[in-house]
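Novice: Protein chains in written order, with our numbering: chain A, 2 to 124; chain B, 2 to 124.
Because the hints were derived from the structure by calculation, they are not lab data. One or more of the hints may lead you astray.
Treat identical chains as interchangeable: a pair holds within one or across any two.
Unchecked claim - DSS-like, lysine-lysine: derived pairs with alpha carbons at most 27 Å apart:
#, residue 1, residue 2
1, Lys114, Lys80
2, Lys51, Lys18
3, Lys18, Lys42
4, Lys51, Lys114
Number of protein chains: 2
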Amino acid sequence: MAISEAEAVVMDVLWGKAPRTAEEILAEVGPAQNWQEGTVKSLLNRLLRKNAVHAERDGRRYLYTPLLLREQYVQQESKGLLDRLFGGRVAPLVAHFSEQRKLSKKDIAELRKLLKELDDEQP
Amino acid sequence: MAISEAEAVVMDVLWGKAPRTAEEILAEVGPAQNWQEGTVKSLLNRLLRKNAVHAERDGRRYLYTPLLLREQYVQQESKGLLDRLFGGRVAPLVAHFSEQRKLSKKDIAELRKLLKELDDEQP
DNA sequence: CGTAACCATTTACGCGTGTAAACATAATTT
DNA sequence: AAATTATGTTTACACGCGTAAATGGTTACG
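Can you build the whole structure from these sequences, using the hints too?
Specialist: Structural data, given as structure tokens:
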């Protein structure tokens, strides 16, 4: 089953550094998110049930490690959006942002570089 | 309030051609989606409540027209994903697909053309 | 040892969603 | 006019989500 947005916030912490305790996760995410302890615990339990994280006992507490990889998650999410909105193709997405003037100088420079690299790979 | 995925399917029909009756929408979307009549009606009502469509009486039925524009919706959705997963920037998204080898020849060609056009615009 | 502190697990609750069945009402057909 | 059809509106219901309170079980401290 897919992980929800709130759950993804917790995953993000674990992707940043793992393993972590619930307390550490709360410390990193609680203030910004305005979450209580119970909220983080619930999310962790749901992630456990979804096999997105693994918990290992460490004394009286648990250490949580991500099982779902960030790459996998990003892949699913982006592919979903691409399929739903752009016929599964990347160029129309970029065109969309281009039309909205949402491409920064930096984006454009990086895209150029990327295309050049693709050239070099496949001579 | 944001429109849901099922609601977006209905919007898609209306974006394709409007105005439309509920029956026409069902005809276009029912088979693929395995939806009954009631389902489409419910979704239309929720879209009405969210001010995403407008309904105009036409004899005994209604003609539905989109109020929310496809552009707006696509913008919201893509920006959301970009912000959540790629720090709000387009290039990393493209890089991601590039790494996953999900860029088609056609994509690459189109991206090239797009970048060239950007060049020409801003000489 | 009894009790407080610390963690985790269970339970809760309102809300949106997906999916319709029921119901209401006006128009058409018999 | 009665029955049927067409169409929209209301109600339903299970499920996931966001958010947390309540409960339960250990360890630590007085």
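Novice: Next, verify each hint and record whether it holds.
Specialist: Taking the hints in turn, this is what the structure says about them:
With identical chains, the CA atoms of Lys114 and Lys80 are at most 27 Å apart both within one copy (23 Å) and between copies (23 Å). For the identical chains of this complex, Lys51 and Lys18 are intra-copy neighbours only, at 20 Å inside a copy versus 40 Å across copies, given an alpha-carbon limit of 27 Å. Taking the shortest Cα distances, Lys18 and Lys42 sit within 27 Å of each other inside one copy (18 Å), while across copies they are farther apart (47 Å). Within a single copy, Lys51 and Lys114 get their C-alpha atoms no closer than 39 Å, and across copies no closer than 43 Å, so neither meets the 27 Å cut-off.
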